[in-house]
Every structure is written in C-alpha cells, then in structure tokens.
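Peer 1: Chain by chain, the residues:
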Amino acid sequence: MARIEFQDESAVVIIGSGAGGGTLAHELTTRGIKVVMLEAGKRHSTASFSQVPGAAFLQLTWLDPRTQSGDWGVAKNFPTLPVWHCKTVGGTTVHWTAATPRFEPWELRGRSTYGNIPGTSLIDWPISYDELKAYYLLAERRLGVTRRNGVPGLPASNNFKVMYAGAKKLGYKRVHTGHLAINSRPFDGRASCIQQGFCAQGCKTRAKWSTLYTSIPRAEATGNLDLRVESTATRIEHGADGRVNAVIYRDGEGGEQRQKARVVCVAGNAIETPRLLLLSDSSKFPHGLANSEGQVGRNYCHQILGFVWGIFDKPISSWRGATLAGVVEDEVRNDPSRGFVGGYRMELCTLDLPTFPLVGLPYGWGRDFASVIENYRNIAGMLINGEDMPRAENRITLNHDVKDSFGLPVANVHVDEHPNDQAMRKHAQTQTSRMYDAIGAKRVVFGPVPPATHNTCSARMSADPREGVANAWGRTHDIKNLFISDGSALPTAGSANPTLTIVALALRQAEYISREMKARRV
Amino acid sequence: MDEIVTLNRRELLKTTTGLLTGWVIAGSPLALIAPGRAWAVDLVSLTSAEGATLMSVARTIAPHDKLNDAAYALVIQAIDSDSAKDADTHKMIRGGIASLRSDFSAASETERVAALREIESSAFFQTIRLKTLQVLYSSPIAYAYFGYEGEAFSKGGYLLRGFNDLRWLPEVPVEDSGPLPEGE
Numbered sequence: 001m002a003r004i005e006f007q008d009e010s011a012v013v014i015i016g017s018g019a020g021g022g023t024l025a026h027e028l029t030t031r032g033i034k035v036v037m038l039e040a041g042k043r044h045s046t047a048s049f050s051q052v053p054g055a056a057f058l059q060l061t062w063l064d065p066r067t068q069s070g071d072w073g074v075a076k077n078f079p080t081l082p083v084w085h086c087k088t089v090g091g092t093t094v095h096w097t098a099a100t101p102r103f104e105p106w107e108l109r110g111r112s113t114y115g116n117i118p119g120t121s122l123i124d125w126p127i128s129y130d131e132l133k134a135y136y137l138l139a140e141r142r143l144g145v146t147r148r149n150g151v152p153g154l155p156a157s158n159n160f161k162v163m164y165a166g167a168k169k170l171g172y173k174r175v176h177t178g179h180l181a182i183n184s185r186p187f188d189g190r191a192s193c194i195q196q197g198f199c200a201q202g203c204k205t206r207a208k209w210s211t212l213y214t215s216i217p218r219a220e221a222t223g224n225l226d227l228r229v230e231s232t233a234t235r236i237e238h239g240a241d242g243r244v245n246a247v248i249y250r251d252g253e254g255g256e257q258r259q260k261a262r263v264v265c266v267a268g269n270a271i272e273t274p275r276l277l278l279l280s281d282s283s284k285f286p287h288g289l290a291n292s293e294g295q296v297g298r299n300y301c302h303q304i305l306g307f308v309w310g311i312f313d314k315p316i317s318s319w320r321g322a323t324l325a326g327v328v329e330d331e332v333r334n335d336p337s338r339g340f341v342g343g344y345r346m347e348l349c350t351l352d353l354p355t356f357p358l359v360g361l362p363y364g365w366g367r368d369f370a371s372v373i374e375n376y377r378n379i380a381g382m383l384i385n386g387e388d389m390p391r392a393e394n395r396i397t398l399n400h401d402v403k404d405s406f407g408l409p410v411a412n413v414h415v416d417e418h419p420n421d422q423a424m425r426k427h428a429q430t431q432t433s434r435m436y437d438a439i440g441a442k443r444v445v446f447g448p449v450p451p452a453t454h455n456t457c458s459a460r461m462s463a464d465p466r467e468g469v470a471n472a473w474g475r476t477h478d479i480k481n482l483f484i485s486d487g488s489a490l491p492t493a494g495s496a497n498p499t500l501t502i503v504a505l506a507l508r509q510a511e512y513i514s515r516e517m518k519a520r521r522v
Numbered sequence: 001m002d003e004i005v006t007l008n009r010r011e012l013l014k015t016t017t018g019l020l021t022g023w024v025i026a027g028s029p030l031a032l033i034a035p036g037r038a039w040a041v042d043l044v045s046l047t048s049a050e051g052a053t054l055m056s057v058a059r060t061i062a063p064h065d066k067l068n069d070a071a072y073a074l075v076i077q078a079i080d081s082d083s084a085k086d087a088d089t090h091k092m093i094r095g096g097i098a099s100l101r102s103d104f105s106a107a108s109e110t111e112r113v114a115a116l117r118e119i120e121s122s123a124f125f126q127t128i129r130l131k132t133l134q135v136l137y138s139s140p141i142a143y144a145y146f147g148y149e150g151e152a153f154s155k156g157g158y159l160l161r162g163f164n165d166l167r168w169l170p171e172v173p174v175e176d177s178g179p180l181p182e183g184e
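Protein chains in written order, with the working numbering: chain L, 1 to 522; chain A, 1 to 184.
Quick caveat, the hints were computed from the structure, so don't treat them as lab data.
Hints are not guaranteed to be accurate.
[What the hints assert, rightly or not] Only pairs whose alpha carbons sit at most 30 Å apart, straight line, appear in this in silico DSBU-like list of lysine-lysine:
id, chain 1, residue 1, chain 2, residue 2
1, L, K442, L, K173
2, L, K314, A, K91
3, L, K403, A, K131
4, L, K76, A, K155
5, A, K91, L, K76
6, L, K42, A, K85
Let the sequences and hints guide you as you build the complete structure.
Peer 2: Structure, rendered in structure tokens:
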C-alpha cells in the first residue's frame, strides 16, 4: 500500500470506500493514478464480522447523530435512524443484500415519461440508456451478476417458493430469483453462496460482492492506494482559482489532518456527501461547494420501501437462504391508469428474529403484536421497492442545533411524501397482499416505512446546471476538479436497487477522470 | 449458551439488591438448551419486588404465554443493568414502577393493558417497551421457542440444511431459479 505525503498535490482524494468510492479507487489506481482514500469507519473482515444480529448492526452501521423531519413514517418510527447504511471499509456494500437490477430505459427519462407532475422536481438523466448500458455490462461482469452473461440464477429458497406461487396465481410473468451480485458458482476467487442468510451482517464466505474484498485490496496491490481508515472528512478546501486543492479530516485519534489533492471525489452516501459540501462553505462559496444554484442536498430520494409479511399455517423458515433472492418485475412499468407514475419491484425479503419486531413490524405491543411474532417460523416476506418522486424540499440540510463528536452540525433529513409515493405504496401493498392471499395466507401484515437504505439524488447530475449539482460525468457544475461519485449523483431514483448503477457510473467516471488528468485539464 | 450460564451463575455480590428465579419446565424448548432445572438472575439496582413487577410489564408488552420466564428475566436484567449505570435512569425506572397500581402483577391482562395504555407516552413505558423488544427476541431461549436457527455460517449454511425443504407448494422451474451448486 502506498504512503502518499500530505503535501503531495498529485493525488486524487476519494472520500468513502463503498460501491462508488471503492470502484473508482480500483479503476484509477490500475491506470497508474495515485489515490488517497478517506474512510470514516474501521476495517473489518470476513473473520471479524459478528454473527450476532444486534452486534453486527452496531459493528457496521453509521450511527453518528442525525435529525429528521417531514411526514414520512421514518421520522415517527425511527427518529434517531432516518437512514441505514454502513460506516466501515467497503461502505454499504458490506451489509447490502446485493440486488443488482438495471434501470429501465424510460426510467432515465423521468420528466419526459411521467410529464409535469405537480410538486416534483423530475428531470431526465443527462445520459442515455445506450451510453449507460455499456457500463452496466461491464459492471455486471465485474460483480458476477446472476442471470446475466450466462451466469446461472440462485436456486429457489422456501421463501421464494411462496413468492413464486403467489405471483403465478396472479398471472405475473417476470418472476425469478433475481439479478444478484451473489455467486451462484465460484467466481473471481470467491466461493458460491451457501444460503446462510445473514447477508446484512456481512457475508463471511465472500459469495456476496463487496468492495471490501474485491476492488479495495486490488487497488492496494497496485501500490497506488493510500487507504486511511477512521478518517472523517470535515471540509474540502479550495484555492483562489476556485478549484479544490485539499481535504481536511480527523484521524482515528481525533487529530486534524490536511491532505492536498489534485482532484476530489465525494462518495460518502447521499446524506454525508451533501453535508460535506455544505460544511465546506467559504467566502468565495458562502453556501457551500458546488451550491451556486442552491441544489446541494435537494431532491433527496429514498425509494418507496416497505415490508410485507404473509402468515401461513405451515413452516417457511424464511431466514434460511440468501435474503433477497427473488423478484417480481411485472409492475416495473409506467402505467398511470394504476393511479401513479413510475414502477416498483416486489423483492424477496426477510429479517432475523431479533430485528423483525424492531424494524419489520409497525409500532406495537400487546397480544396482537406478539401473535404475529409467535408465527415467526411460518412467515413469508417481501420488500416493496419503488420509485419515489424527487421534490426540491425533500433535502439534506445542516442542523446547527445538533453537533457531532467533532462539534460540526449534523445532517437533517427532511422528507414529505408525494401523493404519487402514497398511491404507489397502496397499490404495491394490495398486490403483495393478493399474492399471499391467493395461496392461503392466514393474515398479511405491512411493516412500517423502514430507515432508508437506498439513498440517492441529493447532489444529482443534470444537463441544466440550474437543476442539479453535477454534469453527466458527475463533475460538479461549479468546480472543475470536484466530483460526485456515489448514489447522490443519480438524477432520479427509479425502481432499481441503486448499487449496480452506482458502480456503472463510477466505472464511467473513472475513464473520464483519467482522460481529463492525462490531458491536464484537471 | 452464555446467557443461560449467566442466568444460573448466582454470584451473590454485596451489591445485589434483588433476585429473580424460576424453573425450567421439562420438555419445553428451554429444557433442551438449559444446563440445569432452575435459573436465577441477580439484580443490582432494583429490588426483587420491582423486578417482579417489571416481569409483568414485559409479559404484557410481549405476551408469549408458553415462553419461559427466564427469557423475560433477561429483559429485566438488562433494564437493571442500565439502571445501575445511570442515576437518572434508575430514578425513572423506579418512579415508573411506583406509578403503577400496587396489584399490577396480580391484575388481569385487560387491566394491565389498560394501565399501560395510560402511560404509553411516558419515557418509562417506552424504555421498557424498547428494551423488551431488543432483548426478548435475542436470547437462545427465544431462538429455541420461536424455532429460529440463527447464524449458519459455522454449520456450512442452510444449503444442505433445509433452505429449500418446503414441500407444500410446487417447485420452481429451474429457468426461473437456478441449479444447486455442485460440490466444491
């Protein structure tokens, strides 16, 4: 691993080591570019992943304080945990459940496809599907995605058998074990899935792709990566020319460090990325970096997520097997006659017993609440995963009343649901309920809106600089050597789980950055 | 089964203020994993009477009639431990218990539910509710009772241990799923 001097002005500094940052670091270092990667969390390994659900949650989750507001259910049900992502080397690719669908071509043209929906800030992507497709193909090969490129699907688990039978009764056609970055056979030096469940606790067999044990060690092996763990970026500095030139961060001992940079790429997930830009205000950029149009933090999307549980009178043991290995894709279409625009997926899902009553069930206690858990062994599960509407006022801001351990204002997450979101959720709940009813469920229970795991769009790419933060390459409109390299850059949320698209965009951005560096334009 | 061992390890410290005890019912899921026939939990900040009342509160919050008291005792032990660490928490917990009707434990379930509804928004109730949900379903006793098998990495996963053993629905065609991996 390289040791890059603090005063070295030639390095790219990447903030965050997840799907975006980890991929980008690998691509740049293999092209001979020096990279300093700042990761706020610790480095864990397959050996150190806890297999106790509560302890695993504490080991991997970003738990620094945040506040929230708005009418979405999360503010009421999970006041201290608006979003659920990781703080560790590998970022959220450590706890993700590895669903890797692509966006549909029409989802990249949200504004054109859906029209002018009042109360939204929909835009079209500044990238065509054909441009993106080449990088999807590359990303799918890198991740070994199932049911693509001749890679077999995962076998059907008990939970999927229930989903499949119900979906077929309703006449759904696009039902299968899903596109997943989980090995259905040994691939890339990693074993095939042993159906242990516990995807979200960190995959101890490495069957599930994570930058922790793919991109990052490979980047280190090039000799061009200086990965600094427990290093929390607190400010990006710029010179008189308006270009960024250094990143201030706190190291593991709390000491302040300053790393010079030729290029800065921010990949801290859709809450911390805009927060860092906002924290970096200066006399030249009084509203924060890349924020001349006031777009930083706005249009935050989180997808319509919700658990659906079907209670049967026979055992299912839904915890056995890859957590998300199943999907119904028939509702991924734009059909306004359903009462809303955009589409949604129904994905297989389950929660371990300790997590189930805390996250999977609506607030409750007493006889009825306990009676649901009493049936735990006989419960089948699904997760609704749909496109939510971007809104200018759904945004990440700095809350100056609450400070983190460094004395800096924390992020506030504000979400008011759009009527389209609510109509979609209602439709999805009806359909999932019909699926379970069709095969004899005793009861169907809908979970609360869980802490958001698919955080996107808060520093989005836009063709028009007035409508977003970055251009089609993720380069900020305002600052030539400052890039957005994570899900924050997505222009709209779509109905696809975001990671594959984040990886594809990072692969594409890496080509652009190395080209620009070679041409000495940055 | 560390927690069961803890349950039975009666270190009668000088600081012990209370005690919860019970029996392991023969033939119950707990009997399969418990090393002995009796269990006991020491309390270090709450009295035995306070502990007993909290047991009733936890049982009212999450009533699983056939789940052994030992599972609930672990909840009370966790609350007792939090209470021992922080004076404000101690005061809040004791105050909350004192605010309940004196015959709370002896009251009918309907009456207990009604009493808790009245204080549902209080910090006391919400603390006990959250702790109950966090601890009750995390113990080996609960795993055994609910039939949950937990982590399987140490046993080679569920691939050969029933991940697809459901037989009351049709099998999924291989074109919509995938082949079982071959032996490696």
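Peer 1: Hint by hint, note whether the structure agrees.
Peer 2: How the hints compare with the structure:
Note on L:K442 and L:K173: the hinted pairing holds, with a Cα-Cα distance of about 25 Å set against a maximum of 30 Å. In summary, the hint linking L:K314 to A:K91 is not supported, as the alpha carbons are separated by about 46 Å, beyond the 30 Å threshold. Restraint check for L:K403 and A:K131: the C-alpha separation of about 27 Å stays at or below 30 Å, so the hint holds. Restraint check for L:K76 and A:K155: not satisfied, since their Cα atoms lie roughly 39 Å apart, outside the 30 Å limit.
Among the hinted pairs, A:K91 with L:K76 is consistent with the structure: their alpha-carbon atoms are about 27 Å apart, no more than 30 Å. A threshold of 30 Å between alpha carbons decides the hint, and for L:K42 with A:K85 the separation of about 28 Å falls inside it, so the pair holds.
Violated hints, in rising order: 2 and 4; the structure is consistent with all others.
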